[in-house]
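**Q** Could you slot chain B onto chain A? The hints should help.
Note that the protein sequences, when read in sequence, are chains A and B.
The opening residue of the first sequence carries number 1 in the numbering used here; numbering runs sequentially from there.
The opening residue of the second sequence carries number 1 in the numbering used here; numbering runs sequentially from there.
In short, the hints are calculated from the structure, not lab data.
Ideal placement from N, C-alpha and C gives every residue a C-beta, glycine not left out.
Heads up, a few of these hints could be off.
Taking beta-carbon pairs under 8 angstroms as the criterion, some of the chain B residues facing chain A (in silico) [what the hints assert, rightly or not]:
hint, residue
1, Ser22
2, Arg302
3, Gly368
4, Val456
5, Glu457
6, Pro465
7, Met588
8, Asn589
With a cut-off of at most 30 angstroms between alpha-carbon atoms, the simulated DSSO-like pairs for lysine-lysine come out as follows [said to hold, decoys possible]:
hint, chain 1, residue 1, chain 2, residue 2
9, A, Lys868, B, Lys484
10, B, Lys534, A, Lys868
11, A, Lys201, B, Lys315
12, A, Lys388, B, Lys315
13, A, Lys419, B, Lys315
14, A, Lys868, B, Lys540
15, B, Lys365, B, Lys395
16, B, Lys73, A, Lys922
Below are the chains, spelled out letter by letter.
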Amino acid sequence: MSENTITINGRTLEFSPGDTILDVARSDGIFIPTLCHLKGANPTGACRICVVEIEGGRALAPACAMPASKGMVVHTNSPTVLTARRYIVGLLLQSGNHNCASRLKDPSEWTDLQQQAEAYDQSGELCDVYGECRLQALSYLYQADGGDLAGLDPHYEIEMSSPLIIRDSSRCILCGRCVQACNDIQVNNAISHGYRGATSKIITGGDSPLERSDCVFCGECIQACPVGALVEKQSRYRIRPWEARHVRTTCPYCGVGCQLDLHIKDNKIMKVTGVEGALPNLGRLCVKGRFGFDFISSPKRLTKPMIRENGELRDASWDEALNLVAAKIKETKEKSGADAIAAICSARATNETLYLMKKLFATAIGTNKITSPFAATGMSNSIADLQKAPVILLIGSDVTADSPVAGTFIKQAVKSGAKLIVIDSRPTTISQFATVHLQIKKGTESVLVNGIIRQLIERSSREGFDDLKKIAEYYPPGKVTSITGIDPESINAAVAILDAEDPVMLVYGSSVAGLVKDFARLQQILGNLDREYGGVNHLGDLCNSQGAVDMGFMPVFVDIFKSLTGPKVDEKIDFLYCCGENPAIGESALRSMTRAPKSVGFLVVQDILENETTKHADVVLPAAAWSEDDGTYTSCERRVSRTRSAVVAPGEAKSEIRIFVELARRLGLDWEHRTSREIWEKEILPEIPRLSGITYDRIEDDGLQWPARSAVRSPLCHPKGEIHNYHHRQMCEQCDGLLELLPRTRKGKAFPSVGNEEEVNRKFIALLEADKMTEHKELIDKTLAAYRSRPGGLIPVLQKVQGILGYLPIETQNYIANGLGLPASNVFGVTSFYSFFTMVRRGKHIVRVCLGTACYVKGADRIVDNLKEQLNVEVGATTEDRMFTLEAVRCVGACGLAPVVVVGEDTHGLVDPFNTANIVEKYRSVSDEP
Amino acid sequence: MEKTRKTYHTNLMICAGTGCVSCGSFGVRDALIAEIEKQDLSHEVLVATTGCNGFCAAGPLLVSYPDGVFYQKLQVEDVPFFVEEYLLKGRVVKKHLFVRPEDKEAIPAINDIGFFSNQLLVTLRNRGLIDPEIIDDYIARDGYMAAEKALNEMTSEEIIREVTTSGIRGRGGGGFPTGLKWKFCADASGDQKYILCNADEGDPGAFMDRSILEADPHAVLEGMIIGAKAIGAHQGYIYVRAEYPLAIERLETAIAQAEDYGLLGDDILGSGFDLKIELYHGAGAFVCGEETALMLSIQGQRGMPRPRPPFPAHKGLWNLPTVLNNVETWANIPQIIFRGSNWFKSLGTEKSTGTKVFALTGCVKNIGLIEVPMGVSLRSIVYDVGGGIPGKRRKLKAVQVGGPSGGCIPESLIDTPVDFESIVKTGAIVGSGGMVVMDDTSCMVDVAKFFLEFTVEESCGKCTPCREGTQQMLHILDRITLGKGRPEDIDTLITLSAMIKSASLCGLGQTAPNPVETTIKYFREEYEAHIFEKRCPAKKCKALLKFEVVPELCKKCGLCFKACPSNAITWVKKSVAVIDVDKCTQCMNCYAVCKFDSII
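Next comes chain B alone, as it looks inside the complex:
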């Protein structure tokens, strides 16, 4: 298990996050090692695997240090040429460089690429720089210094004071001040307490926690050690999604290494403090992200949230005082202790300190995992980091923030600063950090329906408003997308939303209507088009499409004819295409290929 490090001339850091692994990064690594051996460069060049680099869409990725050259889309067959060019001849391999979309210029240095240069890495500070399976890599980057400080130099009160002063708020969605939560639990009576890490990331469109666990698992463990000391817990659990096999593997390795090094277990670092951390595999229930449900799940029960109070800080796991924070929050803690609360406070805004990791996905050029200071504008994230919207004809329509609990922020509010308060004002929530960019091909009614389908399926079924209310809302949305909307539907949706938000038992239900509320608020005309004109402006809702070619818009290119798999389109050169509705299977291929939006 234990690997040791010596110094090399060149370090090739290959991304081994889930995205790159699925594109074959392990194959590339093996090919590189073999080729380097062949060229007798083994003592000069180190090939190492790292956690997620973040720029997932362009994998497999490789970053070379000390040069800092960023290579993308590297395949096994490219390896011999790459080794010869880059390692033997010392020439940058242009073919694999990132090309700036604006001017088509190839950018070698990672720090010159907008996706990276516009980020500020705190939580992800080790990404791409360490091998997550080697504890020495983590320690070499000041790892476990904070734990050492907390265990041997600080009292519980001092730790909590430092965390409170830093102003950090929970990164899991609620934004509750972490220091305050710890204080409640530290003040709760009882010798036995628990410390938990929520790694049951279930938001569709979010993979922050996964990436952190895969890239820097020790940061999470170190955070938990500090938290355990603060509240007086000696047993910890990490509740991790079973669907994250790589994260589980790396956590298991990390825990074993930390135990080996005396960083977990009895008398950690000679401080007399004991802590044991175990993994608990989630079994697939979004609602288990809710703290009381998560605790019941660890107890082997159905994850059905219970009313609070009593709060987990007083009665949590097995009815004992418990603190639960999510992966990202834990990963921030060592930095706060090591570099001090004032440093942390200097990042972000007054009420939302620090940075936030987002999973930037959807219709944006640079898809991936990003970290920015709180308070940066949405615009900066979408355009500076994300590189804008792909496709010349496509326009930014909305950014969905916060997953099924969040909302769609329209293009008109693109200058909204991304912090807890400002995002809530729009009707969305920061949530755990899913950020899905949508262009004008996304139908907002359909998006709302998508999230409602998710909630209906993931509702635990316990409380009436969430179980029945979301079904009713989905029923109405369904009807609207099928062209059977009724004039009163929008009002019913609004009142149902308000009721579900105020009367539901847990956070899932209390936020479930957000996607519907925000889309009605900002895209009401789209709902009205569906209901009154029986038209889907984004051409997404099949039932409202005519599958007709508009002769005035048709440029007679024939692309649709070629794309049609069922011979439903007749077209001859220089004439308008015609769709035979009887033959058409509504596969939508023609809509996808038509560059002129001439099919309605």
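If we strip away everything but chain A, and leave its shape as in the complex, we get:
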């Protein structure tokens, strides 16, 4: 046995350096309760429920934060520990509106309490999380109801105003998990601890409702909340925890492939949570993944096959519709040849669907006009690398909007010291985290990258690379600067970061996917290809972009587009089978390449929702949607994960693999009906060697990644460098209230996310004008500039600005937040913590009564009472004439003169508690003088 052992409850257990007592206990099956402990974040030791007794220790120690050390003797269930835990549970129950424990109370009080709870909740039930609340569970475990303690008034209104999230501070136990989830895990920095002591509260910037804050509604806070203070609006009072059937699946949105836990009741998805600890997302989700599932129950769902007759679509039977499609295929092939037939399939389809479609159209029918517009190879490295990469070079990716969970790993890396270089023409949210942001002119990424390559070659004598050197010659610095609009110093700063020993992880978005060769050259010269935390990594747009490539789909099928460009081209498309795509959508990249599909001879649309393309269809086939069918997706990090059937498809909507088999049979092929597992294991795996070994059983839980390949293909990309991810939009449109939130994460062209800068400036200037303080703006701006790059500058800045303006209202705080580049929540958290700061304007004279002990025993409380009466104000308030603000302070350090009253700068000692009039009246008369 190693030397590193500790004793817990009499058992000798080994530990590794750095392990906490909680780590050791948990790995050995010893239960220690926790509330505030959040995996993946630093322990805060706040809730104290995990306290244990360490022999020889002065006080109890928090198991979550106390490192194990050699020879420690720990008791997790001693009487002292149990008493403490019972009290802590009781204290928390009594701290707010925790009415679940009221059943332990006197039955005669029960009805009243329940009625109160009802009135308060505006609902017919008790706390929404009844049954899965961790505090409730602990209350039961320790049989603690806080009965010997007083119920403290929670005095908070429930916040129902924001979309998606209901916030109820009266149920908050201030464990801080939501703050860590928001700031340390998602790094959205929307919330913080606010105020202090008995008035502590979790706050946003300005203590505003969530919808008027920096919140992006990822909902990570809800998932972190151990009680009912944060709940999903969608599912509130619609599902009890024990009613839920759980299905694990993969998110249908972007290429990250987040693992979801679906909570199902009555054949409906009621809510979605992230699967804790699962790769790649480790439980994290974004707003779309967590809240964007209602599209499957949209009224726009296609539920019956339809056939166009006399210009109108009419309902048809599956037989009728499929027979017609089969007949048209045969007819077209005979009349115009197989190449007059084309197929287009969405990269949202499962691998199994894509495979069958490819098999049907390419092998059986014999056309090679098959495409999937969003097919794209993804990353050479893993998403997990992002969190540990020392340097990240992010090009043309609005990652926090397009692949938000990948964005969380990048933000975390920056938070723990990684350097981030962002090349983007847009001021994206992620650019606010950048060490260097090169905001280039639109479409000049290639020039900049080649300019950087040239500088790298010049900086050090790199041997070889003759080809690269030749290319680089075309990119002298002056030219690069004039084309990209980036000054040489900024480029140098980026080059200096890149040209170091550390690996650089190059990550790019779809808008620049065509430049992959430039990126590969850059990484080659830096020696970062095939390297951990290096590589060339594309964040795909759809959940199965990589899978579509693997199944043999090309992103751009030139032939189709050529043939559709009009009568000038000889070749024609007589038959187009469109599966889950929407080529008719206006203003899309696809449209400009495909033209209007109405020029197609016969159009079959297989989809889940009505859309622009179905309007032109000759046959519409209703398909089962995500979560209505089994299959696999391959994420952008080449991870094959299961997507599972959780609910029944509406109406006659049919599984896509079933549709293709039935169509194949009508074309005279002897295809059997197979499950998705059988298709994957019996057909796909034998055919695609790089996937071999990835059986359904092995990916029952986390998916598996297939080995990296160096070949990279470019995805569909608009010539202007824009990507139109209409898929996400289309799905979100169907989810109540979700679409309006998306601009929060992607505000079009100009979107500084931490409080819109223009708006903040406007409000601040308006405030200065109202206060007749405009001449001080210059000084404030100077102060902000001076402290911007200085760590820890917030408090001095607040002191200085309050010194200038007299108070710190929200408008000023937001201005300071922008000026220092800090989250508004952080600024409010600090301002509300320290008693020196005031958010309301104060009177001309501040009357501070010292309530230090020495003054108190000499009657300072009477002084306060008398002054309150005399000035007719409460403590902390200002008289109506703005002449006096009455404050009670804790010891001004003039105890020798007790009791003391300080007015402005003047200290008045040995005050007669019964005669305070003369002190303040003097100031009144002074100020009355002209």
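**A** Chain B only, in chain A's frame:
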């Protein structure tokens, strides 16, 4: 900025501590200078301002040297007479002398006054003797000799050994051995380390640090230079309360002067050692006295303590090794290095060496800042230094030591020696040195409530026991003082106290119940009177007062009648006063004036 000194016949040292300044000592100084000029004595008499003299209640104060005559309560209008009598005619001005309460005798010599003669000045050795704004004054009193020695003659190990041998323990409250703390930090790996001074004195009833900073700022700087050398730090911060403008001003002056003299900055005294010290203004949070909270505050964050370990000696400010000591500890360091650890060890007791500065306040005759050797009895402090309890009818009830973290030591334990161990045995702590004397008009339940109110307001709100537990305790105390106490309340308070002490995250919570625990321990009957008899023996809790005159006790003097502002008392000569409860506004004036405790 730089003033120079020549020799004068008479030096008039005027106290310019906060107390005296608020009583007008600067006006007195200016009047004196003008008058002396007028009398053409400018070349004979120096008028200088000093830091806090300590005898704050009697300000403005003046001490004349070389005579050592102590003058008190000197006002501007007294100046012409004073100059004529004392400076021209050489006669002591009786009107301004200290009068010994026992025999009403006027005492001219400062060293004959009990308040001063019973003190032993180490930390405050320069008080009243130097102008804190003149570095030469400090240097003239062997200032910066210790820094010179530490930088040029001693190794880091030698400094730490000397400090360890001296036995000095942190004066900020915890009493942790300073040498040990330095050793941990010196041993921590890393080139960048920080040295911090905690001047965020926030205990209600304490002003030791303020006075030291105002009286002798260079002592603190010199201590930090020595500490920086010992641990290998080149950057220091003094975290000072924003509410101490005079202390801030003097520190700023002192830092500028020290930089000017090459005592701070690069290559100090040619030793090759660099140290920069900056001020950081606190923003009003008692909890920032806790070391991890203070460091987070310097980092611009909310001052919410974090769990330890890791200890600041390994991971402190910006996660780098850091040593934090309070003002008084730093001010002791130069003395230890200059005069040696053995000298320091000879003061105080075996386990609590040296002296301790206390802010002696409350119901005691001589209010002020005092310094005594560790181990002196409370009695000696209250009676010999403090001169006892004012008011013939009033009796000593308790001494509150250690502020909101401390406790009330009852009169019965008045012979307790004041050192770290003995005070802890009573249930209080030495703390940073607040010492509030309470007489029998103080209600112990009310005092406990006072401190709990403070804690509830100042708790950072992070950990459950402190945030919620103290609120619950306050709720119970509130109820008791309102006459709604329940029989089980005392027991609930005791168990809650034990839980909060053992389960709270930081020192604030771990000591917050001390005022309640000690008052229950020593004054349980007072709690019981409130709960069971609905009576407040000290007549402090309004809700339990009847506002009635007891005819048997009333001496029919009519004082209460005259004091009543709302005409609620009827009284005619030679008859018992009667209070009309309907008219009474409960202002308590009558209670204050009645000399016979006849109102209940």
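**Q** Does each hint fit the structure? Answer for all of them.
**A** Each hint tested on the structure:
The criterion of a C-beta within 8 angstroms of any C-beta in chain A is met by Ser22 of chain B, whose closest approach is roughly 3 angstroms, and the hint holds. Evaluation of the Arg302 of chain B hint against chain A yields a held restraint, the C-beta minimum of about 4 angstroms falling below 8 angstroms. The restraint placing Gly368 of chain B at the interface with chain A holds, with a minimum CB-CB distance near 5 angstroms, inside the 8 angstroms limit. About 5 angstroms separates the beta-carbon of Val456 of chain B from the nearest beta-carbon of chain A, less than 8 angstroms, and the hint is met.
A cut of 8 angstroms between beta carbons decides the hint on Glu457 of chain B: the least distance to chain A is about 6 angstroms, and the hint holds. Interface restraint check for Pro465 of chain B: the shortest CB-CB distance to chain A comes to about 6 angstroms, inside 8 angstroms, so the restraint holds. For Met588 of chain B, the interface hint holds, since its Cβ comes within 8 angstroms of a Cβ in chain A; the closest pair sits about 7 angstroms apart. The beta carbon of Asn589 of chain B comes within 6 angstroms of a beta carbon in chain A, closer than 8 angstroms, and the hint placing it at the interface holds.
Restraint check for Lys868 of chain A and Lys484 of chain B: satisfied, since their Cα atoms lie roughly 26 angstroms apart, inside the 30 angstroms limit. Under the criterion of a C-alpha separation no larger than 30 angstroms, the hint pairing Lys534 of chain B with Lys868 of chain A is consistent with the structure, at around 28 angstroms. A distance of roughly 28 angstroms separates the Cα atoms of Lys201 of chain A and Lys315 of chain B; the hinted pair therefore holds under the 30 angstroms criterion. Distance check on the hinted pair: Lys388 of chain A and Lys315 of chain B sit about 22 angstroms apart at the alpha-carbon level, within 30 angstroms; holds.
The straight-line distance between the Cα atoms of Lys419 of chain A and Lys315 of chain B is roughly 23 angstroms, inside the 30 angstroms bound, and the hint therefore holds. Restraint check for Lys868 of chain A and Lys540 of chain B: the C-alpha separation of about 19 angstroms stays at or below 30 angstroms, so the hint holds. A hinted pair counts as satisfied when its Cα atoms are at most 30 angstroms apart, and Lys365 of chain B with Lys395 of chain B qualifies at roughly 13 angstroms. Our distance criterion of 30 angstroms between C-alpha atoms is met by Lys73 of chain B and Lys922 of chain A, whose separation comes to about 23 angstroms.
The structure is consistent with each of the numbered hints, conforming to all of them.
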